[in-house]
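Going down the list, the sequences are from chains P and V.
Everything in the first sequence is counted per numbering that gives the first Met the number 0, starting at 0 for the first residue and increasing by one.
Everything in the second sequence is counted per numbering that gives the first Met the number 0, starting at 0 for the first residue and increasing by one.
Possibly wrong hints are sitting among the right ones.
[Stated by the list, open to error] Short, incomplete list of chain V residues facing chain P, as computed with Cβ under 7 Å:
{"id": "1", "residue": "P170"}
{"id": "2", "residue": "E180"}
{"id": "3", "residue": "Q183"}
{"id": "4", "residue": "L188"}
Think of the hints as simulated: they come from the structure by calculation, not from any bench.
All residues carry an ideal CB built from backbone N, CA and C; glycine is no exception.
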Amino acid sequence: MAAPALELRGITKRFPGVVANDAVDLTVRAGDIHAVVGENGAGKTTLMSILYGLFPPDEGEILVGGERVRFGSALDAIRAGMGMVHQAFRLFPTLSVADNVVYRAEPTRGVLMDRAAALRSVAELAERYELAVDPEALVETQPVGVLQRVEILKALYRDARILILDEPTAVLTPQERDRLFTVIRRLRDSGRTILFITHKLGEVMAVSDRVTVLRNGRSVAGLVTAETSPEEITRHMTGRSVDLNRRAAPHRPGDPVLAVAGLEVTGEHGRTAVDDAAFTVRSGEILGVAGVAGNGQTELIEAIAGLREAAAGSVTLGGADITRAEVADRRRAGLAFVPEDRHRVGTSHLASVSDNLLLGHHRHPDRQRRGWFKLRNVRAHARRLIETFGIKAGALNNPVSTLSGGNLQKVVVAREMSHEAPLLIAEQPTRGLDIAAIEYIHGRLVSFRDEGGAVLLVSAELSEILALSTRILVMFEGRIAAELDPAAVTEPDIGLYMTGAYLEREKGGAPGGRKGGQDG
Amino acid sequence: MFDQLFDGALVDSVMRAMIPILLAALGGMICDRAGVFQISLEGMMLAGAFAAVAGSYLAAASGLGVLFAVVAGAAVSLVLAFGAVSRKGDPIVLGIAVNLLMLGMTGFLLPQIFGVRGVFAHPRIDGLDRFAIPGLSDIPLLGPALFDNTIIAYLSLPLTAALWVFLFRTPMGLRLRGVGERPQAAESLGVSPTVYKYWAVVSSGVLAGLAGAQLALGNVVQFAENMSSGRGWIAVVAVMLGRAHPVGVLGASLLFAFSEGLGFRLQGNGLPVQITDALPFAVTLIALIAARKRFARLLDLTTAG
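Let the hints inform the model, and build the full structure from the sequences given.
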C-alpha cells in the first residue's frame, strides 16, 4: 500500500494549564475524505493549527507522503502541499477576490503585479472546480458561501494536495452546505485528500470515508464511516469519563417558574440560531438541555439571561414578562446565572475573590449604606460563602485569577446560588473540572432543586444531562428536537436527536444519502 | 482683497508649508496601510531637523545634513517599531513619548553641542540649494514656487506617485495592505506582519527625517527649538483625512499648507497673529472630526498580529 498522504504520530501540545493535544495519532489515506470529530475543546483546532504550521507541537512528528516534515510557518505547510480553510475566514475584506486568492503568490510582469493574469487564473480555477466567484468583486461585499469558495480557491491556487476544512459548515445554510459537499467530493475525485473537521455527526456520515474521534485532546477512535453509526461515534465523542448515578429520582415539581414561548433568536451572521423554542421550567425540577455544541443552546441561554435580543416570542419569569427586560431587572425578577465561560463572563479576573463573591450582592442593605460599602460585612459575606462552598481561596484580597478552575467555578456557583433566586441557569457548569469538583457541583444543583429551585441546565456532556435532569430537551439546528424522560432513554436515543438522525429515520431514508446530488 | 492675496508669494509659501507635511504624511500613510498607528511623526521630524543642521554644520555640506536627518528619523522610528510592533505597547502612549522626548532632547542638545539657546544659525550651515528649471520656472504665478526649488521638494511629488504604484500595483504593496487589514490572514499565507510593520515604520522615519531636513535646510537655514511646531501632528491628520491614499494625502497636505500660507498672508493684512496662527489647527480639528472612524479602527489594528 502506498504511504499515507498524511500521518501524525504522538502529537502533543500543552498550553498553560491544559494539554490541548495528548499524543494524538492520525493517519489519512491519500484520496480520502477524512473526518476529524470531537466536541468543543477536544483539541481539533489546535491539531489543525499545528498541521498548518501556525505553532509547533511540543512532541511528536508529522509525515507528509511518508516524509517527515517540520513546519516553521504556514509557508512551510503551504509548500508541503497543505491548504487550510479556517473556521473564521482569513480574508482581506477591502481587497478583491482575485487579490485575496493570489496574495503572497502573485503573478508578476517585471516589478509590477500582473493583474490581468491574476484575474484570469482565478476565473479559470473557479470554472474548473465549479466554485462560482466574481474575481473582481470586493470580498466585503460577498456572502459567506462565496467567501468559503474564495478560501478553497486560495488553497487550490497554491496547488494544495491536502485540504483542511475546519468546521466548514458552521456558517452555511443547508443549501450552501450541500453544495460544499459536492465540491469536496469533486476535489477528492480529482486526487486530493480532504481533512474535514466537524462536530456534526450527520455531516460525517454524509461525506466522509473515514473518521478519527478526538476526546479531551486524545485520539480515541479511528473508524471507517461505512462500518460505523452516529451512535457509535457519539459514544466515542462523549465517553463515560464521569459515570455518575442518576440522581433525578426524588422530586416534586411545583409551579412553573420560567416559561418560554415561540422564542426566536438571531445568531452570528444573521442566521436563525433558535427557532420557535417553547418550554417551561417548574420549581423543584432540573430541565436538561442536550445537544451538540453550536445548535442554538448558547443563543437560547443568552436570550433568557438578557445578553442577546430575542427576535420573536416571549420569556416569562415568575409571572413577569422579561422578554425585553434589562439584565438587572431579570435578576430582580429572580434569575441567577452560571455562565459557560467562567474566566471571562463568570468572573472579573483582575478583581479579588471577595469582590467577585460580592458582585450582584453589592446593593444589599447589609453590605452598603448610601453607596458606601460596609467592608466588615462584605468580608463576612465572602467568608461565609467560602466556608459554605468549601472554596480554597487563600487570602480574600487575592485576585480571583489565582484560583484553580474548580475553585473558580465554585466562586461563581456560590455567588449565584446565594441569591436564592427561584431560577438558576447553569451553562456547562462542570466543563473542564476534575471529578471531585464535578460531584460537588452536581450535589449543589440537586440540593438546590430539592429546596424548590428551578434549574435550567445546558450541557454537552450527555452523562451530566442524564445524571441530573428530571426532563430532557434536545436541541438540533436551533429547534427543540425532542422532550425526553431520562428514566426511559439511553444515550444512543438522545444521540439520535442530537445528530438529526431522527429526521432521516422518520423520512425512511439513509442518513445523508440524498444530499449528494443537490446543488442550491 | 482676494486679488491681493493670491499671488506668487502665496503659492510659494503654500509650497514651503506643504513639502514637510506631505513627506511626513506619506510616511504616516505607509504605516497606516501596514496597520500601525503612527503619531511620532512630529518627534521624528524635529529630530531630522536637528540632525540636518548638525550634519550640515559639521561637514559644511547640505548632503551630509540630509543623510544625518534620514538616519536620525529612522533611528527614532525604532522606538515605535519595537514598542508597538514587537512589544505590543500602546502606539499612542509611545508616540506621545517620542514626541516629548525629541522636543526635550533637541532642546537639551542645542546648548550642549552648539552653545546656544533657542535658535542656532551659523554661516557654516550649508542650506539646500534651489535649482531653477529653465523655462518652467518662468511660468507666471506657479513657476517660481514649483520649479525653482530644493531637491527634496522636487522629489516629493514623484515620490507620491511612486508610492501609489507601490501600494496598488506591486506584490509588496498588496502584501503591505493585507498586513494592515488582517494580519492573521497575511500570516496564514506566510507573510510576516512584523517584518512589514517594521519596514513601514522605518520608512516613515526616513520620510519624516527628510521633512525635517527640508524644514531646517530648505525653508530656512537654521535650527530653532520646536521648529516642527505641530507639522507632524498635522501630517497625522492629513493621513486620516486623505484616507491613507496618496492622492488624498496630497490633497489634505495641500489643504493644510494652504490654510497655513493663507494665515501667513492674512497677518500682513492686519488680522491678529493669534487668529492666523490658529487657522491650520482649526482646519485640522474639523478634519479630525471628519476622519474619526479611521482613527478608532487603527488603534485596534496596531498591536494585532
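Verification of the supplied hints:
Annotation: interface hint on V/P170 holds; nearest CB of chain P at approximately 4 Å, less than 7 Å. The interface hint given for V/E180 holds, since its Cβ lies 5 Å from the closest Cβ of chain P, which is under the 7 Å cut-off. For V/Q183, the shortest C-beta to C-beta distance to chain P is roughly 6 Å, which falls under 7 Å, so the interface hint holds. At a threshold of 7 Å, the smallest CB-CB gap from V/L188 to chain P is about 4 Å, leaving the interface hint in force.
In this structure, every one of the numbered hints holds.
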